[in-house]
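Colleague: Here is what each chain is made of, one letter per residue.
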Amino acid sequence: MGKSTPSGQAGAETLPRRRRRAGRNEARAGVLFALPWMIGLAIFTAIPLVLTFYIAQARFQITGAPKWVGLQNYSAIWADPAVWTSAQNTLMFAMISVPIKLVLALCLALLLNRVTMLSGFYRTVFYLPFLMPAVAGSIVFILLLNPVAGPVNMMLQAMGLSPPDWLLDPKAALWTLILLSLWPLGVETLVFLGGLQNIPKDISEAADLDSPRGWHKLVWITIPLITPMILFNLVTGIIYSFQVFTQALVIGGTTGKPAEATLMYMVVLYRAAFRYFNMGHAAAMATVLFVVVLLLTLLIFRTARSWVYYEGESR
Amino acid sequence: MKKTSRIAPARVAQTLVYHAVMLAISAVFLLPFYWMAISAFKNNAEIFANPVLWFPDPIRLENLTALLTRDDFPFLRQFANSVFYALSVACAVCFSCSLAAYSFGCLRWRGRNLVFGLTVCALLLPGIVTFLPVYLGWTKLGLNGTYWPLIAPFFFGDAFFIFMLRQFFLGVPRELMDAARLDGASEFRIWWQIVLPQVRTPLIIVGLFAIVYTWNEFFGPLIYLQDRDEFPLSLGLFTFQAARAREWSISMTGALLTALPMVVLFLVTQRLFRQGLASSTLK
Amino acid sequence: MSEKTYAVPGSISRRRFLHGSAAAGAIMALPGATLAQAEGQLLLWLPGGSDLFCKIHTGLLEGFSSSANLGPATTVCGLGQDTEFTQALIGSITAGSPPDISMLWDSPVSLGAQGAFMPLDEMMKNSKIGIDTWPAGLLSSCQFKGNTYGLPVTAGVYTMWYNEELLESKGIPSDRASFPKTWVEMRKLSKEFTVWDGDTLVSAGFMPNRIPETMAIWSALNGGMLFDEANLKYMLDSEQNIEMMNFFLEWLDEEYKGDVNLIDRAGNFKEAYPDASSGLGPAFREGRQAGLISGSWLMGDIYADPVPTFTRWNMAPIPVGPSGTTAVSGTWPNWFVIPVGSKNPQAAFDYLSYLAIEGSVEWYQQIPDVPTNSQVSLKAPNSLIENRGAEFADDLTAFLATQAAIVTPMWNSPSQSFGNDQMARAMEKIYTKAASVKDALSDAQSAAQAELDRVMAG
Amino acid sequence: MGAVQLLGVQKFFGTMEVIKGIDLRVDDGELVVFVGPSGCGKSTLLRMIAGLEDVDGGEVLISGVEVSGLAPAKRGVAMVFQNYALYPHMSAYDNLAYGLRRSGMARADVDSRVRETAALLQITDLLPRRPKAMSGGQRQRVAIGRAIVRKPEVFLFDEPLSNLDAALRVEMRSQIARLHQELKATMIFVTHDQVEAMTLADRIVVLNSGRVEQVGTPREVYHNPANLFVASFIGSPAMNLLPITRGEDGSILLESGEQMIWPGGKIDGPPGRALTLGLRPDRLSLVGSDQGQISGTVHLAEHLGDETILHVQTAAGRALTLKCDGDAPARLGDLVQIGLDLTGACLFDPDGRRVQ
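Residue numbers (my numbering), protein chains in the order written: chain A, 103 to 417; chain B, 47 to 329; chain C, 153 to 610; chain D, 150 to 505.
Since the hints were derived computationally from the structure, they do not count as laboratory data.
Hints should not be assumed to be uniformly reliable.
[Stated by the list, open to error] Below are the DSSO-like pairs computed for lysine-lysine, each with C-alpha atoms no more than 30 Å apart in a straight line: (1) A:Lys273 to C:Lys409; (2) A:Lys169 to C:Lys297; (3) C:Lys495 to B:Lys186; (4) C:Lys297 to C:Lys385; (5) C:Lys207 to C:Lys531; (6) C:Lys343 to C:Lys585; (7) C:Lys277 to C:Lys531; (8) C:Lys409 to C:Lys343; (9) C:Lys590 to A:Lys273; (10) C:Lys343 to C:Lys333; (11) A:Lys169 to C:Lys495; (12) D:Lys300 to D:Lys223; (13) C:Lys277 to C:Lys297; (14) B:Lys186 to C:Lys297; (15) C:Lys409 to C:Lys585; (16) C:Lys340 to C:Lys322; (17) A:Lys169 to C:Lys385; (18) C:Lys590 to C:Lys385; (19) C:Lys297 to C:Lys280; (20) A:Lys273 to C:Lys585; (21) C:Lys585 to C:Lys333; (22) C:Lys340 to C:Lys585; (23) A:Lys169 to B:Lys186; (24) C:Lys333 to C:Lys531.
Take the sequences, apply the hints, and build the full model.
Modeller: If you want it as structure tokens, here you go:
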């Protein structure tokens with residue numbers, strides 16, 4: 103007894119043979135409990151992902167087996183003007199709507215980050231649009247922005263402004279779609295608010311003592327401390343905007359009315375798959391989307407190291 | 047009285063400005079809701095009236111009866127479909143995701159981190175990337191046109207909800223499970239009798255999120271369903287609006303009644319929603 | 153803006169919403185989308201789905217089934233009408249449980265070429281509805297590489313519709329013979345009716361065409377074509393077509409302030425149905441538009457729809473363009489196909505034979521889609537006689553027959569819907585001045601040709 | 150019955166060996182306490198005995214039976230957890246009954262057993278309550294009850310008292326001691342609190358980074374620490390450690406140059422051998438000037454009433470702790486002379502091994 107260390111030479115590199123273990127129940131249960139999900143992940147994500155890459159290189163007949171055509175589908179989408187137009191629109195949409203949405207949500211969160219009688223009410227109001235089904239929301243916007251009798255234009259005209267033809271003018275339509283996407287920013291706002299409320303009070307108070315200027319604290323203390331939330335909102339926002347579909351379909355139909363101004367990548371993809379039944383074309387588009395989103399996400403995460411502050415790091 | 051007199055006037059002014067700004071923003075956010083709500087009680091002429099009618103006069107309840115009796119917008123049928131769809135998904139998600147989240151959050155096994163990492167990747171994967179083969183699969187099975195493709199996958203779990211639930215499962219003390227193991231409970235029983243009761247609230251939260259998600263889901267039903275009587279409300283509303291472009295009062299009544307259940311659900315369960323939101327972002 | 157309130161429509165005809173939103177269309181359905189048919193019992197799928205339309209076809213099929221001693225037949229109405237319907241049909245074929253017969257509102261060529269529908273040629277050989285009993289131009293919309301994949305049993309025939317009252321109010325003769333014979337004349341006449349109140353279009357004459365489906369007719373009227381079937385070439389950017397679009401664009405500039413937005417704000421001047429995306433009303437049927445091009449089915453809708461409408465409508469041949477000399481008409485057929493995997497192909501074909509002759513007569517009586525088989529002779533529809541008198545009805549039916557005889561080939565590309573979408577895209581760009589006529593058309597041309605080549609290579 | 154035996158038990162976390170081949174025998178009816186600093190592996194070892202952690206090498210025997218392949222519930226062990234780990238959604242009654250029900254016991258037997266246990270622990274009135282409605286001490290007693298009710302052969306306690314306040318801790322400690330006497334069961338008790346260890350244990354097992362440093366009765370580990378680690382870990386305030394060298398004649402040479410005679414005779418080894426002298430604080434005393442071996446400045450004086458703990462810094466910069474009478478006259482900053490009493494002192498070689 104006492105300090106016997108017979109295993110000293112077993113060392114790190116030669117782990118002892120694992121024997122019958124009591125804990126194996128837990129490990130077995132762990133696998134069993136995760137099994138349905140692992141099966142689901144395989145059936146509905148992993149295998150389809152691979153098949154998508156496959157279909158993207160096939161000429162897919164509706165009946166019969168797919169025919170291998172190599173990169174033909176890719177050259178076809180490269181040559182398809184609708185793909186280019188929609189990619190341009192989607193990129194514009196994402197690049198404009200995501201930053202604006204984040205800034206607006208941050209402003210709202212900063213405004214909300216104080217305790218008043220009505221803060222519950224405000225929070226509810228900002229969150230509600232998120233619950234509105236996208237179809238219903240888009241339809242209401244069509245009515246709100248009606249050029250002749252819509253209340254928005256009437257109010258703008260009353261204020262002496264000359265409002266655009268929101269849904270008819272190709273130059274304005276994409277902005278209308280962006281406007282529509284800004285409306286449900288409750289989730290982003292509440293995420294930011296959660297971040298703000300997690301800032302320890304002492305840090306906040308220390309910052310107040312250090313500098314009397316509010317913006318100073320915002321730039322040097324508040325924003326750095328909620329960078330994880332900014333990252334989260336940025337990544338989810340971009341992934342979501344690249345896949346915007348419902349609003350675009352309700353507003354612009356499958357042709358992206360007017361003049362393809364609201365034609366989104368997903369709509370073109372939908373059209374290729376379910377109107378022209380050109381699965382190869384659609385799969386190639388999906389693959390391109392996958393690569394672009396993947397690269398963007400990686401890029402964001404890569405740069406995130408330099409601008410995202412995690413509390414855990416300081417410990 | 048004395049109390050108020052102590053507050054500095056500058057402070058009062060500041061508060062007033064704050065609330066004025068916030069109420070103005072709130073008004074902007076609420077305008078679509080308000081417009082939808084009042085349009086549901088106007089006829090077309092009143093909806094397009096110039097100047098704008100800010101309050102419906104008369105209040106036309108006949109839109110409601112018209113909506114409920116139309117055969118090109120079987121509202122009640124579609125409402126029932128939506129309820130069925132949402133509840134099925136919510137139940138499936140609560141069951142399947144609590145299994146996986148328990149495994150990821152509470153049990154230790156080799157490969158766990160790998161599988162969970164893949165789950166997070168799946169979360170970031172654009173849905174369309176995997177959609178086409180899945181669609182072709184369901185079609186081959188002849189289940190296109192039914193709710194199977196829309197509900198069945200959730201019985202295997204869902205990356206987002208697993209991620210969300212796992213946050214809660216991580217908070218369940220390990221000792222509780224150890225105690226149950228010592229008490230002779232099987233691993234399944236531990237999950238069912240010991241751990242699940244601890245995450246009852248999170249499960250309700252996940253169920254609520256699943257209901258909202260499903261209620262608003264559009265792409266899946268658009269692809270898989272063709273029969274108007276089988277549509278959920280979101281799709282039913284879309285097809286009605288696209289077809290009956292002129293009947294705005296009915297469209298708006300439909301939109302209002304489609305949005306209303308979610309709004310009410312949210313108002314009743316706000317606290318849970320916010321709790322769920324907080325946990326879905328903790329990365 | 154004063155807004156008329158429209159009551160609930162009782163029955164809606166089939167193409168009513170197709171133009172509005174290509175994505176959706178009204179989807180009306182009965183349960184049983186996945187219902188497979190049994191041996192000896194016919195199962196029919198119909199797109200669209202007004203009650204009347206559905207009732208007529210249910211009746212026709214049931215009558216046929218009982219007289220042919222088949223089992224009870226099933227008619228499934230309205231699994232969508234455009235993309236969704238095709239999607240459902242393809243789904244059922246892929247799953248191996250298709251209907252025996254399906255109506256289609258898009259050319260069966262492209263899906264037939266992909267192996268979705270049975271070629272009917274063998275069965276047609278020894279049948280009373282053999283190849284030679286169909287107008288070749290119409291049948292070509294079902295043919296690909298020597299196979300016939302469907303039958304255009306009836307068709308809506310396109311003509312110019314005009315408002316006699318409006319013409320008379322300006323002291324212009326309203327009879328068919330006096331209607332303009334050329335685009336130039338029509339454009340001149342149009343000015344008479346176009347009234348602007350500032351930037352608001354109060355009423356209009358005629359419009360430069362904005363319906364992509366009818367573009368083939370306009371192109372033919374200008375001596376051109378959109379698709380050259382013999383050489384399998386799209387001709388979207390041919391000289392005639394560029395001239396046509398330039399003509400329309402000039403017209404827009406001259407008469408409509410060069411701004412389609414202003415037109416669209418004021419109502420739907422494009423066609424005779426409410427516009428789905430802006431929700432504005434059909435100007436023609438509100439009496440604010442002198443005339444437009446539309447299919448013969450509109451007369452059914454005029455009587456069936458509660459949309460404010462007028463009684464003094466009439467039809468005339470579509471005028472010819474500057475480079476064209478021959479007046480032509482066009483159609484939008486109701487195609488019938490027998491999907492691959494049908495359990496009763498012979499019975500299904502027998503039904504098509506019945507429908508093409510006896511059935512189409514009954515059909516035309518209630519919904520004015522013109523029978524196309526040469527063995528059928530037209531008789532004026534009852535609803536028309538009731539509303540406008542026998543003389544007018546007979547005259548109109550005779551007129552429709554003459555129009556049907558001069559239809560130009562259309563719907564005959566194996567990549568029809570893709571080509572149509574490209575044309576729509578080009579038109580929208582041209583009218584919104586997002587691209588020049590030449591650029592827009594040549595863009596559309598190369599895209600459409602590429603898709604056609606892909607389909608042909610497949 | 151109830152003996153626990155560990156034979157070369159090993160545990161790896163990844164490639165890191167956290168339990169380094171431990172051999173140990175806990176006799177039937179014995180109360181053994183595992184002590185050690187946090188991270189020493191004491192809890193892990195306990196959980197391995199319970200079957201809650203895999204045993205990667207060696208064997209665990211309970212009542213002579215190798216249990217590595219047995220589920221925790223089949224090992225005849227019960228455990229009390231640091232945070233009680235009561236099932237929050239069950240009443241105290243159900244908490245107690247849960248394990249019995251799992252073992253398939255008849256309803257009536259479960260009931261009588263639960264009530265019997267509750268009576269023993271005087272928690273009968275708590276039975277209908279849920280854990281949330283109980284104080285810390287009450288929860289602790291229910292947790293112990295849950296362990297007792299199954300009449301296990303071995304009780305495992307994982308720092309069960311650390312969440313309680315000081316007064317309750319003393320009370321619970323005595324209750325556990327009483328239980329041990331009444332139940333005569335084997336108990337293994339993990340704590341980082343050496344007072345608990347000293348007062349409760351039949352034997353103490355001192356663990357450090359996955360190794361057993363010493364096993365012995367509380368007196369043994371206190372008075373005869375096997376090595377420097379045990380010496381410094383056991384005892385509060387900790388043992389004073391002074392560097393010394395062996396004088397020419399086998400005597401002790403302090404840093405200050407003072408020479409002292411080792412009570413046990415001569416120190417082994419060559420002259421000049423560097424060693425560490427370990428002295429309990431109560432072996433140091435304040436003495437008059439010129440009588441002490443070491444002088445230093447009082448750094449901190451903790452007046453605890455009946456005694457005073459003085460922290461003194463020597464000229465050589467060593468910190469010493471003295472335990473004096475409550476009325477010791479020393480004050481902060483005083484220069485004091487310290488006398489050393491070498492009875493019971495320990496000597497350690499530079500490896501930390503006890504030499505004499």
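Colleague: All the hints need checking, so say for each whether the structure fits it.
Modeller: Here's how the hints hold up against the structure:
| no. | hint | in the structure |
| --- | --- | --- |
| 1 | A:Lys273 to C:Lys409 | holds, 18 Å |
| 2 | A:Lys169 to C:Lys297 | holds, 20 Å |
| 3 | C:Lys495 to B:Lys186 | holds, 18 Å |
| 4 | C:Lys297 to C:Lys385 | holds, 15 Å |
| 5 | C:Lys207 to C:Lys531 | holds, 21 Å |
| 6 | C:Lys343 to C:Lys585 | holds, 22 Å |
| 7 | C:Lys277 to C:Lys531 | holds, 28 Å |
| 8 | C:Lys409 to C:Lys343 | holds, 12 Å |
| 9 | C:Lys590 to A:Lys273 | holds, 21 Å |
| 10 | C:Lys343 to C:Lys333 | holds, 16 Å |
| 11 | A:Lys169 to C:Lys495 | holds, 28 Å |
| 12 | D:Lys300 to D:Lys223 | holds, 13 Å |
| 13 | C:Lys277 to C:Lys297 | holds, 17 Å |
| 14 | B:Lys186 to C:Lys297 | holds, 28 Å |
| 15 | C:Lys409 to C:Lys585 | holds, 13 Å |
| 16 | C:Lys340 to C:Lys322 | holds, 13 Å |
| 17 | A:Lys169 to C:Lys385 | holds, 25 Å |
| 18 | C:Lys590 to C:Lys385 | holds, 18 Å |
| 19 | C:Lys297 to C:Lys280 | holds, 23 Å |
| 20 | A:Lys273 to C:Lys585 | holds, 11 Å |
| 21 | C:Lys585 to C:Lys333 | holds, 29 Å |
| 22 | C:Lys340 to C:Lys585 | holds, 23 Å |
| 23 | A:Lys169 to B:Lys186 | holds, 18 Å |
| 24 | C:Lys333 to C:Lys531 | holds, 27 Å |
Consistency note: the structure conflicts with none of the earlier hints.
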